[in-house]
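> Chain by chain, the residues run as shown.
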Amino acid sequence: MSQFAAWLSLTRWSLAIKVHEWVIPAVQSVHIVAIGVVLASAFMIDLRILGWAGRDQTLSETTARFSPWLTGALVILLVTGVIMVLGEPPRELLAFSFWSKMCLVAIGTVAAVAFQVSLRRHALQWETSLVHHWGIKSLAILTFLIWVCVVVLGRLIAYDHLWGSWSMSPKA
Amino acid sequence: MVDVAEGLVDINSILAALEATSLAERLRESLYLFPLIESAHVVGLTMVFGTIAIIDLRLLGIASARRPFTSVATDTLKWTWLAFALTAITGFLMFMTNARVYFHNIYFDLKMGAIALSGVNMMVFELTTRRSVNRWDGSAAPPAGRTAAALSLALWISVIFLGRWVGFTTTHATPTVEPDVDIEQLLPK
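Those protein sequence lines, which keep their order, are chains A and B.
According to the numbering used here, the residues represented by the first sequence are 1 to 172, in order.
According to the numbering used here, the residues represented by the second sequence are 1 to 189, in order.
Calculated directly from the structure, the hints in this document are not laboratory data.
Everything numeric in this text was worked out from a predicted model, so none of it was measured.
Misleading hints may appear alongside valid ones.
[Stated by the list, open to error] Calculated Cβ distances over 10 Å to all of chain A for the following chain B residues:
hint	residue
1	Ser13
2	Arg28
3	Leu45
4	Gly167
[Stated by the list, open to error] Now the in silico label distances, taken between C-beta atoms and shown as ranges:
hint	chain 1	residue 1	chain 2	residue 2	range
5	A	Trp163	B	Pro143	30 to 40 Å
6	A	His161	B	Pro143	21 to 31 Å
7	B	Ser30	A	Val75	33 to 43 Å
8	A	Trp52	B	Arg131	19 to 29 Å
9	B	Ser132	A	Lys137	33 to 43 Å
10	B	Leu77	A	Ile136	21 to 31 Å
11	B	Ala144	A	Glu127	20 to 30 Å
12	A	Pro68	B	Asn134	22 to 32 Å
13	A	Thr11	B	Pro143	14 to 24 Å
14	B	Arg146	A	Trp52	44 to 54 Å
Every residue, glycine too, gets a C-beta built ideally from N, C-alpha and C.
Next up, chain A with everything else stripped away, as it sits in the complex:
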């Protein structure tokens, strides 16, 4: 992986990002704006499942309002994330925080897609019984916590030495 990161560092695209010092902070800022959209969208859907918000609307209405924003912001996160990896390959690809973050992103995305597909197929069941099920409510809390952990691990990429020998970074 460190050889791959070293090779990636010398590609045209990586060098192009590096020579413009403003690119990384600007892309990080866009990344953070998109995180805000993902986190708040997931939060509102989860609150609706918990019955703490949007009770004047059906679960389908709440999901229809927030899921396009969640999906759109995830795409922006992917694009800005790729730019950040290209800009600083070793910092990202050798970080334990980065890979554990990617695992949680995968779990969070699968959970979001599974929820939306299931809601579309079994809308009535979701509105009448599933939304009151304690297991579903626990999953709502869990998925929000997964996104919170994604944010925390994302910030901890900058401090990967904290993981000690778990980090592949030479600085650790």
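Given chain A's structure and the hints, the job is docking chain B onto it.
Frame of chain A; chain B shown alone:
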């Protein structure tokens, strides 16, 4: 500090005292505390921005356009304040570790200015447009409400950008764990 205005010397001694507190010292010495506080800051600020954006997009008629404004606001605003409290507390803790460096950082000052402006913008909205909410609750917000929403989005996005620039101009130039930064070099000559 000889050729610095009198008022600035006072604020610098206050900031130095803040840096010298045992809490600030613990934050600087700990390997884990600063990164964890910074992570909580990011969680808080993304929630502040995300929940405010929900309200702004309603006012602009872009999302939740047909839902009563008051329903959208009651669902989100309490969480905005909770997240703002988390962000402000963690922000202050980070500020303490290197108060003089942050205070004299132009991006930090601009960021605080943008937060203050969005506070003013919110107060103006609450005291004017919001007062007549009964007339437009279920429909499009009046132009003043739309303007406030556009301003709010622009200001909070600026706050996020400025915050990242604070990080890049302070952490990278002078590590936050470095306690003895020479403040003389940072002041304008």
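> Would you mind marking each hint as holding or not holding in the structure?
We went through each hint and held it up to the structure:
Interface exclusion of B/Ser13 from chain A stands, the closest Cβ pair being 31 Å apart, more than 10 Å. Residue-level check passed: B/Arg28 sits 14 Å from the nearest beta carbon of chain A, beyond 10 Å. Listed as a non-interface residue, B/Leu45 fails to keep its Cβ farther than 10 Å from every Cβ of chain A; the least gap is roughly 8 Å. A cut-off of 10 Å between C-beta atoms contradicts the statement that B/Gly167 is not in contact with chain A; the least separation is 8 Å.
Taken as a hint, the range 30 to 40 Å is violated for the pair A/Trp163 and B/Pro143, whose Cβ atoms sit roughly 52 Å apart. A hinted range of 21 to 31 Å for the beta carbons of A/His161 and B/Pro143 is inconsistent with their spacing of about 52 Å. The beta-carbon spacing between B/Ser30 and A/Val75, approximately 37 Å, falls within the hinted interval of 33 to 43 Å. About 27 Å separates the C-beta atoms of A/Trp52 and B/Arg131, a value consistent with the hinted range of 19 to 29 Å.
One distance hint, 33 to 43 Å for the beta-carbon pair B/Ser132 and A/Lys137, holds here, with the actual separation near 38 Å. Between B/Leu77 and A/Ile136 the C-beta distance comes to about 26 Å, which sits within the given range of 21 to 31 Å. For B/Ala144 and A/Glu127, the Cβ-Cβ distance of about 38 Å falls outside the hinted range of 20 to 30 Å, so the restraint is violated. The hinted window of 22 to 32 Å between A/Pro68 and B/Asn134 holds, with their beta carbons roughly 30 Å apart.
Roughly 49 Å separates the CB atoms of A/Thr11 and B/Pro143, a value that falls outside the hinted 14 to 24 Å. For the pair B/Arg146 and A/Trp52, the beta carbons lie near 29 Å from each other, so the given range of 44 to 54 Å is not met.
Checked against the numbered hints given earlier, the structure breaks hints 3, 4, 5, 6, 11, 13, 14 and satisfies all the rest.
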